[in-house]
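**Q** What follows is the residue order along each chain.
Number of protein chains: 2
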Amino acid sequence: MTSIKELSKQQLEEMHEQLKEQYNEFQARGLKLDMSRGKPGAEQLNLSNGMMDVLKADGDFCTENGIDVRNYGLLEGIPEARRAYAELLNVSPEEILIGGNSSLNMMYDTVQRAMQFGVYGSEKPWNQCGKIKFLCPAPGYDRHFAICELFGIEMVVVPMLSDGPDMDMVEEYVNNDASVKGIWCVPFYSNPDGITYSDEVVRRFAQLTPKAKDFRIFWDNAYFIHHLGPDHDTLLNLYAECKKLGKEDMVFTFASTSKITFPGAGVAALAASVNNIKQITKLLGIQTICADKINQLRHMRFFHDAAGIKAHMEKHAAIIRPKFQIVLDHLKNELAPLGVARWKEPKGGYFISVYTPDGCAKRTVELCKQAGVVLTPAGATYPYGKDPHDANIRIAPTYPPNEELELAMELFCICVKLAAVEKLLAA
Amino acid sequence: MTSIKELSKQQLEEMHEQLKEQYNEFQARGLKLDMSRGKPGAEQLNLSNGMMDVLKADGDFCTENGIDVRNYGLLEGIPEARRAYAELLNVSPEEILIGGNSSLNMMYDTVQRAMQFGVYGSEKPWNQCGKIKFLCPAPGYDRHFAICELFGIEMVVVPMLSDGPDMDMVEEYVNNDASVKGIWCVPFYSNPDGITYSDEVVRRFAQLTPKAKDFRIFWDNAYFIHHLGPDHDTLLNLYAECKKLGKEDMVFTFASTSKITFPGAGVAALAASVNNIKQITKLLGIQTICADKINQLRHMRFFHDAAGIKAHMEKHAAIIRPKFQIVLDHLKNELAPLGVARWKEPKGGYFISVYTPDGCAKRTVELCKQAGVVLTPAGATYPYGKDPHDANIRIAPTYPPNEELELAMELFCICVKLAAVEKLLAA
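If you're matching them up, the sequences are chains W and R in order. If you count the first sequence from 1, position 340 lands on 340 in my numbering, and the numbers rise without skipping. If you count the second sequence from 1, position 122 lands on 122 in my numbering, and the numbers rise without skipping.
One should not assume that every hint holds.
For identical chains, the list gives no copy identity; a pair is met inside one copy or between any two copies.
Claimed, not checked - Heads up, simulated DSSO-like pairs for lysine-lysine below, C-alpha to C-alpha not over 27 Å straight-line: (1) K282 x K133; (2) K362 x K282; (3) K56 x K315; (4) K386 x K282; (5) K282 x K369; (6) K56 x K310; (7) K386 x K369.
What the hints contain is simulated information worked out from the structure, not anything from laboratory work.
Bound-form chain W, shown alone (with noise of 0.2 Å):
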């Protein structure tokens, strides 16, 4: 097949009319999928159904160190998860704060109390430090974006190249501007593109230098143990990296076990400098008393360590790849040989991010949700949703079943080729 942009008028409005059809087809069949959001499916949650039972009404509920998870106390976490956690972050347990069921909430409860006390280091809360702006880099995850339009931080886009965000650009603003006091990274398997920040980017961002001196670097590590198959990437270790130059306390990781176990149901985690995590739990005891200890013990009853963590991703994995190998497949056969889309084939995380024609994002969106296939609006992936070249579209094939998913791209590249294809014919 030729690319798209070498036909005839003639050729084009032939094309139209067999792409209509085949749109209309689908149209008639009713379908009502939903692929808005990175949710695992069944086969997935399934994984983890014994640890609804692993806790038994008659069995011990002490943690290692002999603490009745039934009660109230320990605001940090029981110690086995901070190791844990600790041993999949590569930072050591103190430096682990265990929260409650969502890394999202955690994230929003570190930028409000930012915002109204400051953090470790702040000279004022960030409240009251007039007009504060964030780094985006973009594409990224539509919920991070969604925080900072709710406090009123100014959002500035960065793009995001090949090994991660532009870090010239990262420098001379973090450098320079004291109103930028945070950047929000998916550093490894990034939302949407899956790509996984290189060392370089990495040791950057360490190195960084910032005007604010309450500057934080948000570091929403969602898929850090998320791979798609042995062959995966690595991420470098950013606090690691940073402790080496004195800097420790310039970095927040958040984490979870939401697209491990269960999603609204998992354990998530901060993991920050000791100076972080004494300020936050001074502020933290005042909210709570202290997060669920007992979903806290059933996870590490369930998976006893680290490795048991790692071992049960595999299983994901075996889970997912088809899905992603169904997407990709799809693209490749139907879209490559036309010259409509670009995309990453990515080694892990929830989503291949689709790259139309400039301005046929949102029209592939909108026919696709007029056959009944729901896609993450068009735009989301862009701070305030707008998507500068109304171009990219976030593809989450974990959720339907393989027979769906496959529906569901036969129908999506069939509306990027004719949202194109109208795009040409308009022109």
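Since chain W is already given, all that's left is putting chain R on it; use the hints.
**A** Quick look at chain R alone, frame taken from chain W:
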């Protein structure tokens, strides 16, 4: 025996010698008991052990309306939990928002949201209102006061009378001072006095005409079904009274299962008007995706419904009623004859509130501590930790086994007497 006030100096000195001897014997025993917090005891925790494996690995994980609780969704909570709370709190399910594991966390977040964004109907966020005040019926719950102190909200002490807060003072402040944005109440078996607000007090709350349009009653219904026996108090439904007057936006009600199932691993809830719930969920949807619905389902499968929860509370009562009796017996036998303390006999809740002679509470707590029994710090039940009379001590009978509680109360009574005699001798 005679009230110690009527004793001669010599008699006092003899008594002091005797008490000192008894005290020294206690000290020599090397006790190590913690009665500082309202924590359920092990026997109470065992009542809910069946909940641990009520969900089975091969079971069904769907809500009554077919939503899989193992995945994201249902920000407001699962329908069966909303309905049970609605029944227990006498509101409708859409007026219930199910939270995470901690009602304290919900209260803190509610205050923080109000500070940052305002509440429904606020003209501006409380952070931008200059000096704001909360009324604090005292003695009260130290963690309420800690939230105010953290946010720099000025606390105005309102004396607790026998049927609730001094409502003349509450009306005077709320109806005339626009800087009064809230009041903390534990209306049912108040912490620490065990007082239930009278119907008249509740009606006067509903009839408030706040100067601040965004004034809120923080109705911490922590002990809403926590009776000690069948002869229990009843609390008029504030929300219903407010609704009759079209003032239902004025009240936030909080409750949790922390002292029904497991402290720190229960299910908390907020009851509020639909306007309030809408305003809160809009913000909450940026903070998190959902609370832990598996734990909600676990609770509902264990209890089935509101009636099941109430039946469960009778089992708690059977365990803790004797503990309250131990405390009351000691007070009655050892302190009443000497006229060195007064207290109320609560019909529910978690505490017995003892008033020593003025200026003796701190000393009593100190003496207990030095003999190995940790009580809630004297003063903790008042804003800023300052009991103007240095008289109130909160006793939490539930946590220690009965034999230890007997010992602790024996010591406690010696310490109260010792402190009272010391005071008289020093006068």
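**Q** For each hint, tell me whether it holds in the structure or not.
**A** Okay, the hints, checked on the actual structure:
1. Taking the closest pair of Cα atoms, K282 and K133 come within 27 Å of each other both inside a single copy (26 Å) and across two copies (23 Å).
2. When the C-alpha separation of K362 and K282 is checked against a cutoff of 27 Å, the pair qualifies only between copies, where the shortest distance is 25 Å, while the shortest distance within a copy is 45 Å.
3. When the C-alpha separation of K56 and K315 is checked against a cutoff of 27 Å, the pair qualifies both within a copy, at 25 Å, and between copies, at 21 Å.
4. When the C-alpha separation of K386 and K282 is checked against a cutoff of 27 Å, the pair qualifies only between copies, where the shortest distance is 21 Å, while the shortest distance within a copy is 38 Å.
5. For a Cα distance limit of 27 Å, the shortest separation of K282 from K369 across copies, 24 Å, qualifies, whereas the shortest one inside one copy, 47 Å, does not.
6. When the C-alpha separation of K56 and K310 is checked against a cutoff of 27 Å, the pair qualifies both within a copy, at 24 Å, and between copies, at 24 Å.
7. For the identical chains of this complex, K386 and K369 are intra-copy neighbours only, at 19 Å inside a copy versus 62 Å across copies, given an alpha-carbon limit of 27 Å.
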